[in-house]
Amino acid sequence: MGVDSFVDWLRDAAGVLHENAAYLTELDSAIGDADHGANMDRGFQAIVAVLDESSFDSADELLKKAGMTLVSKVGGASGPLYGTFFLRFGTALAGADLSAEAIGRALHAGVEGVLARGKAELGDKTMYDAWAPALEAYDAAVAGGSEVGPALTAAAEAAAKGRDATVPLVARKGRASYLGERSAGHQDPGATSTTLILESAARTLT
Amino acid sequence: MGVDSFVDWLRDAAGVLHENAAYLTELDSAIGDADHGANMDRGFQAIVAVLDESSFDSADELLKKAGMTLVSKVGGASGPLYGTFFLRFGTALAGADLSAEAIGRALHAGVEGVLARGKAELGDKTMYDAWAPALEAYDAAVAGGSEVGPALTAAAEAAAKGRDATVPLVARKGRASYLGERSAGHQDPGATSTTLILESAARTLT
Amino acid sequence: MKKLINDPGDVVSEALRGMAAAHPDRLRVDVENRIVYRKDAPRPGKVGLISGGGSGHEPMHGGFVGLGMLDAACAGEVFTSPVPDQMMAATKAVDAGAGVLHIVKNYTGDVMNFEMAAELAAADAGTEVLSVVTNDDVAVQDSLYTAGRRGVGVTVLLEKIVGAAAEEGQPLAQVADLARRVNDNGRSMGMALTSCTVPAAGKPTFDLADNEMEVGIGIHGEPGRQRLPLAPAREIAAMLVDPVVSDLPYQQGDSVIAFVNGMGGTPLIELYLMYNEVAQLLDRAGITVARSLVGNYITSLEMAGCSVTLLKVDDDLVRLWDAPVNTPGLRWGA
Amino acid sequence: MKKLINDPGDVVSEALRGMAAAHPDRLRVDVENRIVYRKDAPRPGKVGLISGGGSGHEPMHGGFVGLGMLDAACAGEVFTSPVPDQMMAATKAVDAGAGVLHIVKNYTGDVMNFEMAAELAAADAGTEVLSVVTNDDVAVQDSLYTAGRRGVGVTVLLEKIVGAAAEEGQPLAQVADLARRVNDNGRSMGMALTSCTVPAAGKPTFDLADNEMEVGIGIHGEPGRQRLPLAPAREIAAMLVDPVVSDLPYQQGDSVIAFVNGMGGTPLIELYLMYNEVAQLLDRAGITVARSLVGNYITSLEMAGCSVTLLKVDDDLVRLWDAPVNTPGLRWGA
Ligand SMILES: Nc1ncnc2c1ncn2[C@@H]1O[C@H](COP(=O)(O)OP(=O)(O)O)[C@@H](O)[C@H]1O
Ligand SMILES: Nc1ncnc2c1ncn2[C@@H]1O[C@H](COP(=O)(O)OP(=O)(O)O)[C@@H](O)[C@H]1O
Ligand SMILES: [Mg+2]
Ligand SMILES: [Mg+2]
Ligand SMILES: [Mg+2]
Ligand SMILES: [Mg+2]
Chain A
1 MGVDSFVDWL RDAAGVLHEN AAYLTELDSA IGDADHGANM DRGFQAIVAV LDESSFDSAD
61 ELLKKAGMTL VSKVGGASGP LYGTFFLRFG TALAGADLSA EAIGRALHAG VEGVLARGKA
121 ELGDKTMYDA WAPALEAYDA AVAGGSEVGP ALTAAAEAAA KGRDATVPLV ARKGRASYLG
181 ERSAGHQDPG ATSTTLILES AARTLT
Chain B
1 MGVDSFVDWL RDAAGVLHEN AAYLTELDSA IGDADHGANM DRGFQAIVAV LDESSFDSAD
61 ELLKKAGMTL VSKVGGASGP LYGTFFLRFG TALAGADLSA EAIGRALHAG VEGVLARGKA
121 ELGDKTMYDA WAPALEAYDA AVAGGSEVGP ALTAAAEAAA KGRDATVPLV ARKGRASYLG
181 ERSAGHQDPG ATSTTLILES AARTLT
Chain C
1 MKKLINDPGD VVSEALRGMA AAHPDRLRVD VENRIVYRKD APRPGKVGLI SGGGSGHEPM
61 HGGFVGLGML DAACAGEVFT SPVPDQMMAA TKAVDAGAGV LHIVKNYTGD VMNFEMAAEL
121 AAADAGTEVL SVVTNDDVAV QDSLYTAGRR GVGVTVLLEK IVGAAAEEGQ PLAQVADLAR
181 RVNDNGRSMG MALTSCTVPA AGKPTFDLAD NEMEVGIGIH GEPGRQRLPL APAREIAAML
241 VDPVVSDLPY QQGDSVIAFV NGMGGTPLIE LYLMYNEVAQ LLDRAGITVA RSLVGNYITS
301 LEMAGCSVTL LKVDDDLVRL WDAPVNTPGL RWGA
Chain D
1 MKKLINDPGD VVSEALRGMA AAHPDRLRVD VENRIVYRKD APRPGKVGLI SGGGSGHEPM
61 HGGFVGLGML DAACAGEVFT SPVPDQMMAA TKAVDAGAGV LHIVKNYTGD VMNFEMAAEL
121 AAADAGTEVL SVVTNDDVAV QDSLYTAGRR GVGVTVLLEK IVGAAAEEGQ PLAQVADLAR
181 RVNDNGRSMG MALTSCTVPA AGKPTFDLAD NEMEVGIGIH GEPGRQRLPL APAREIAAML
241 VDPVVSDLPY QQGDSVIAFV NGMGGTPLIE LYLMYNEVAQ LLDRAGITVA RSLVGNYITS
301 LEMAGCSVTL LKVDDDLVRL WDAPVNTPGL RWGA
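Protein chains in written order, with the UniProt record's numbering: chain A, 1 to 206; chain B, 1 to 206; chain C, 1 to 334; chain D, 1 to 334.
These are calculated hints, taken from the structure and not from any lab test.
Built from N, CA and C at the ideal position, the CB exists for glycine as well.
Misleading hints may appear alongside valid ones.
Derived coverage of chain B by chain C (criterion: at least 3 residues anywhere in the stretch with Cβ under 8 Å from a Cβ of chain C; other residues may be distant) [stated by the list, open to error]:
no., segment
1, 45-51
2, 98-112
3, 175-186
4, 198-204
In silico lysine-lysine, BS3-like type, Cα no more than 27 Å apart, as pairs [unchecked claim]:
no., chain 1, residue 1, chain 2, residue 2
5, C, Lys2, D, Lys39
6, A, Lys65, D, Lys203
7, D, Lys39, D, Lys2
8, B, Lys119, B, Lys64
9, B, Lys65, C, Lys92
10, D, Lys39, C, Lys203
11, D, Lys46, C, Lys203
12, A, Lys119, A, Lys64
13, C, Lys92, C, Lys39
14, B, Lys65, B, Lys119
15, A, Lys119, A, Lys65
16, D, Lys46, D, Lys92
17, D, Lys203, A, Lys64
18, A, Lys161, A, Lys119
19, B, Lys161, B, Lys119
20, C, Lys39, C, Lys203
21, C, Lys2, D, Lys46
22, C, Lys92, B, Lys64
23, D, Lys203, D, Lys39
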């Protein structure tokens, strides 16, 4: 696995987010402001434009550039959050091999960035509710000897469960928190996009 | 027949216009600005308020007051038109007996007031398309020896035909004229209120 | 019907009370007679300017009362012209000896009511009253077969420009001439994405499907000349600008005030977007935009849509346009 | 979706082009970076004032750029906060050595993006940047269980008042203190009769039945705290004023700026009618209205509805409120 796999990931994720843009926006309509799909799509299309124009020697350069692109192009809550995730994920990979362990450490660094920016806790009904179980599942899989691919598959499955578990929650962070009790019964858009991105990783980072 | 009959007429007309306010407004929605029912209702309710407070010695004083009330309370096209009708109708009755002939002359004077203000011609798709045949029928009935009541019945019937005949017309006066050909196929609101007022007269001025 | 109102019958008087409460520094409102006065009217030596019309077009006209614009505005019921009594009362109240100009939009009801008022005012107090009728709407053919063109967007520009002339002390005849000159040099055309709902009627004046629009509408929720499929802003701009430009016609080298007006329910972001299209069309036609105005100034309740007005101007009109104005609806230089 | 637009993806940049075309005398617009600048920025010796946020709230913020108010405004996509690059570029461009104040509405996205920009700007050019976050919406509980109160109507009043202070040369720390004082003394509450439609989403953010309204909404088309049966304006006014008054609380003898704001699709006649109700409620509570503002200033696309904002003021704040301002959205004394 080299830089190309990560290019594949970003392109694949861009495609999936594009296909799911209306769905993500619909989720965001229920408890937010109806822009999450457009935001993610805009950001990842900008990444694709970067990929079309430049080539990258290393995964860390690529991922940092992806993070900066998200920060510069998305805005809203998801821009800084996903932007920071990719920035820190890339930074953590600098000089590292692309072993399952190294990627695990980088994932942790990325998600810590999400936490540093967003200050979410588990159960706040945010994307962190998908990231947290995904990290745990990834770590467990690697501890059990899995390679990157299967570990990411486990992570994506856990993210999906975390995403589903956001449905009954009352939001305590982000725009959905304004709704109070009315936010319960709806799936968090950010946890949904996180799951899509991890599912894409499981398909491509092998 | 004395001043009381005219009081009855105005009260009866006020009731009928109130009941038909939504209908008149609906007709005005199609080719106008959706206020004809409210306008007529407001004007005639104001007349009723005058009747509740004052008493009148003569029909001409009563009718002039009704006309002034409409001018002061209605606005729009129908206010000056119906206001002028009643003003001139009342003025023409000053010092006259209330014979069928005298009432006929007064009706003519009133409708001439409508023409002087509105400058409508027959077929312009206005209230004049109800007034004109009504006058003709009234005159013919009186010439044939009818009393006021039957002559007004004939006038109201002719007004109703005139009203119905406005449906296919393309409007050339008033707000409906802005619609050009699109005004065809709709009944004129003013011709409709004129018919209601004449039907009320036929019921009460006997 | 979804409106921020109480009883539909109280809409006009309650809104006037709100205006009075919001602008005690500039306005005096006779709620009973539904007349909005400039607080310091009558102004000695100044021609009094009065306009009026049905309510539902706010800020027009009450919002254009104040320094450099109207001295009084008469508010009718929603979409129903006011009555002669109001106009007479306003005429007397603002007359300071220099006479009064009535600014009337060309609608049968408005014209007839103002006519009666002018007759009565002249007979009564000896006030010199002149009238000018605005009729700038190119959607209507001006012919024997119509009530003539409607007065729409030009009315706003006229009230500003003529208001400045009156403020600087021009005599009645000259002010009236100026008003006619402004009207003669202005043209408008409007369109609607949705109908409005007259409060007393309780339901939309017309129904439009999701993929339809009305082109050539007025400001009373009346349907337009044509129902067309919904189109992009670029095409709508051309549908409005082209008939306006070719009517006067406005020609290469002309200088204009370009006015994109919202009908009440269209947000400013869309009006600016439309102005972008209009400005490009004018640029391509070689017409110079001397001044512009973008916003909700002559509305039709909560109707979504817009109108485009062009007014051909010379230096004198631009100077009067730029003169100070201090009203709730238009304000600069003061 | 019925809007005067072309491609939904071009709404923001085309509207900015329209602003640029409509206000060449006062604004300079960097369409590429979506930044609206005061034409004569940077002003030597003056603290630079920057705000920004998602588009769809026009005239806020771009319409509040000009003399006596903002030096620059960054426009995001519709309802999406702008990005740090914009804020950094604007910060650098308006810095005249006296530092820059960022006026940020309290939304997770806005706060995070402005935070990143301030960090980067400080590291990069050595510009002194302070931030103030507005959070006046009493519909939201300010607690561990929410993202805190939203910044809504007070933002408009704050930009005006703080703009006046910056214009008269007050130093950065003092301007920032003033901004916090204004925010601390202001409270708002809003309601909606209809949803808005985000252009890129293409359909209404929420559905409301004909007999329903949302109370406690923000300005992003988000549903409110409560869905209630439609009520008369009088009751709606109480639903907005009561929680605002009791929150600060505003007390008998207090002086306020009272602000009735339209959400974009509600016509002025209804806003004045609402203001009438609000003024009566304040009068009954013994609260004096020192100044008022009625109109569409912080909107939510074409949403119908309104918000009420109160700001407790002393003579100093009133003086700054009255100071000249010349922006497309607010103008007086200039
Ligand atoms: N403080 C936070 N920490 C982590 N994630 C958050 C936070 N606030 C919001 N989010 C995530 O962001 C998503 C919304 O993103 P988006 O709609 O693009 O931005 P915005 O809320 O600014 O419109 C939410 O569904 C949630 O998952
Ligand atoms: N010039 C005119 N002459 C006679 N009747 C007219 C004229 N113009 C309009 N009308 C009548 O007035 C009616 C409309 O009245 P109304 O709706 O109350 O006033 P407005 O058109 O000012 O809203 C029309 O249906 C028509 O019959
Ligand atoms: Mg969102
Ligand atoms: Mg009508
Ligand atoms: Mg009418
Ligand atoms: Mg957003």
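Structure-based check of all given hints:
1. 45-51: violated (count 0)
2. 98-112: As far as the segment 98-112 of chain B goes, the hint is violated, because 0 residues have Cβ atoms under 8 Å from chain C.
3. 175-186: That given contact holds, which follows from 6 residues of the segment 175-186 of chain B lying within Cβ reach (below 8 Å) of chain C.
4. 198-204: Contact hint for the segment 198-204 of chain B vs chain C: violated, 0 residues under 8 Å.
5. C/Lys2 to D/Lys39: violated, 41 Å
6. A/Lys65 to D/Lys203: violated, 34 Å
7. D/Lys39 to D/Lys2: Not OK: D/Lys39 and D/Lys2 at ~34 Å, beyond 27 Å, violated.
8. B/Lys119 to B/Lys64: holds, 22 Å
9. B/Lys65 to C/Lys92: Roughly 23 Å between the alpha carbons, so the hint for B/Lys65 and C/Lys92 holds.
10. D/Lys39 to C/Lys203: violated, 46 Å
11. D/Lys46 to C/Lys203: The hint is violated at about 53 Å.
12. A/Lys119 to A/Lys64: holds, 22 Å
13. C/Lys92 to C/Lys39: The hint holds at about 15 Å.
14. B/Lys65 to B/Lys119: This hinted pair holds, its Cα atoms lying about 24 Å apart.
15. A/Lys119 to A/Lys65: Holds, because 24 Å separates the two Cα atoms, which is no more than 27 Å.
16. D/Lys46 to D/Lys92: holds, 13 Å
17. D/Lys203 to A/Lys64: violated, 35 Å
18. A/Lys161 to A/Lys119: Answer holds: A/Lys161 to A/Lys119 is near 22 Å, not above 27 Å.
19. B/Lys161 to B/Lys119: Judged against 27 Å, a Cα distance of about 22 Å means the pair holds.
20. C/Lys39 to C/Lys203: Status violated; Cα separation ~37 Å.
21. C/Lys2 to D/Lys46: Not OK: C/Lys2 and D/Lys46 at ~46 Å, beyond 27 Å, violated.
22. C/Lys92 to B/Lys64: holds, 24 Å
23. D/Lys203 to D/Lys39: violated, 37 Å
Consistency with the previously given hints fails for numbers 1, 2, 4, 5, 6, 7, 10, 11, 17, 20, 21, 23, ordered from lowest to highest.
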